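Student: If you want the building blocks of each chain, they are given just below.
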Amino acid sequence: MALTFVDANILFKMFAVSRKRLEGYHEKGTSGSKALDHAIDILLNLYRGGYSTSELALLEACGVVARVGNIDKATLFLRAVLEQEGFSILGVTALVYPLAYAFVLEYGIGARDALHLGVATISGVNRVATSDIEFADGVEKIGWGARSRGIKIPRIVEAMYGLSGQERHILENRATSALSKMETERAPP
Amino acid sequence: MKVWTTIDRDLKEELASLSKDMGFKGETDCLREAIRLGAENLRAQRSLSAGLSKSRDSILAVAGLLAEEYERMKPRELELKTRARWK
Chain U
17 MALTFVDANI
27 LFKMFAVSRK
37 RLEGYHEKGT
47 SGSKALDHAI
57 DILLNLYRGG
67 YSTSELALLE
77 ACGVVARVGN
87 IDKATLFLRA
97 VLEQEGFSIL
107 GVTALVYPLA
117 YAFVLEYGIG
127 ARDALHLGVA
137 TISGVNRVAT
147 SDIEFADGVE
157 KIGWGARSRG
167 IKIPRIVEAM
177 YGLSGQERHI
187 LENRATSALS
197 KMETERAPP
Chain H
2 MKVWTTIDRD
12 LKEELASLSK
22 DMGFKGETDC
32 LREAIRLGAE
42 NLRAQRSLSA
52 GLSKSRDSIL
62 AVAGLLAEEY
72 ERMKPRELEL
82 KTRARWK
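Heads up: the protein sequence lines correspond to chains U and H, in order. Okay, so the first sequence: first residue is 17 according to my numbering, each after it adds one. Okay, so the second sequence: first residue is 2 according to my numbering, each after it adds one.
These are computed hints drawn from the structure, not numbers from a lab. Quick caveat, the model's predicted, so the values are computed rather than measured. Glycine is no exception: its CB is placed at the ideal position from the N, C-alpha and C atoms. Accuracy of the hints is not assured; some may be wrong.
To give an idea of the chain U side of the interface with chain H (calculated C-beta under 8 Å), a few residues [as the list claims (entries may be wrong)]:
#1 Leu38
#2 Glu71
#3 Val81
#4 Leu98
Going by beta-carbon spacing under 10 Å, a handful of chain U positions derived as facing chain H [to be verified]:
#5 Ala51
#6 Tyr63
#7 Ser104
#8 Gly107
Just need the whole structure built from these sequences, with the hints factored in.
Tutor: Have a look at this one:
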């Protein structure tokens, strides 16, 4: 089953869709904003399943809502996301961390992007939707690396987490397989 | 693996449900992962928001919650704000 990871910025935009914008989308085919049209497309299909975000992306989005809005809005936001049918919240499990370190040390991507991609890789995601250019570039760079030379966990990270050789091998294989096929969906900013 | 012929029916159903919910290609993949990580870990992931009742359009129910905040933002400001806490 296809599973798309929805980044924090798109998550926020789903809540920026007013009734008026939604009416415009239904009547004219556009809400008047490409970014919101993209968010609406996802929003209207969420209940069918196949969409996910991570508890980390959700926390990021909550943080932005609390800062640009207020704490009450952040709580409403969190509740609405958690209660939405067909929208999976992926956990940040222990195995995400050695992968995230590998992405940072091997590809030089940011910590945030590395953690998001680690969650997506471990959780069976095959498409990452984001309006963040750096994140999309990072996913494509690592996807290319996975196809050309495979994902490798650096020895220092293997030692740090006490991974056995077999565990490292399984993790590398799973990450290589998932990231070789990972697609990006570049949403309008 | 010949596990399928020996495990009981309830466990088979639980495994099928877990495989589907977690997005595994097949039950064998799920079983391998369950053995590696421990089934409790997988169940915890699946039930991250299971304590709350689900509704089809809970996000649409609060349509426009952040419309004003978003309209005030400059292009790419949202992306920058999301990243800001990580730098």
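Student: A separate judgement is required for each hint: does it hold in the structure or not?
Tutor: Structure-based check of each hint:
no. : hint   : verdict
1   : Leu38  : holds, 6 Å
2   : Glu71  : holds, 6 Å
3   : Val81  : holds, 6 Å
4   : Leu98  : holds, 4 Å
5   : Ala51  : holds, 9 Å
6   : Tyr63  : holds, 5 Å
7   : Ser104 : holds, 8 Å
8   : Gly107 : holds, 4 Å
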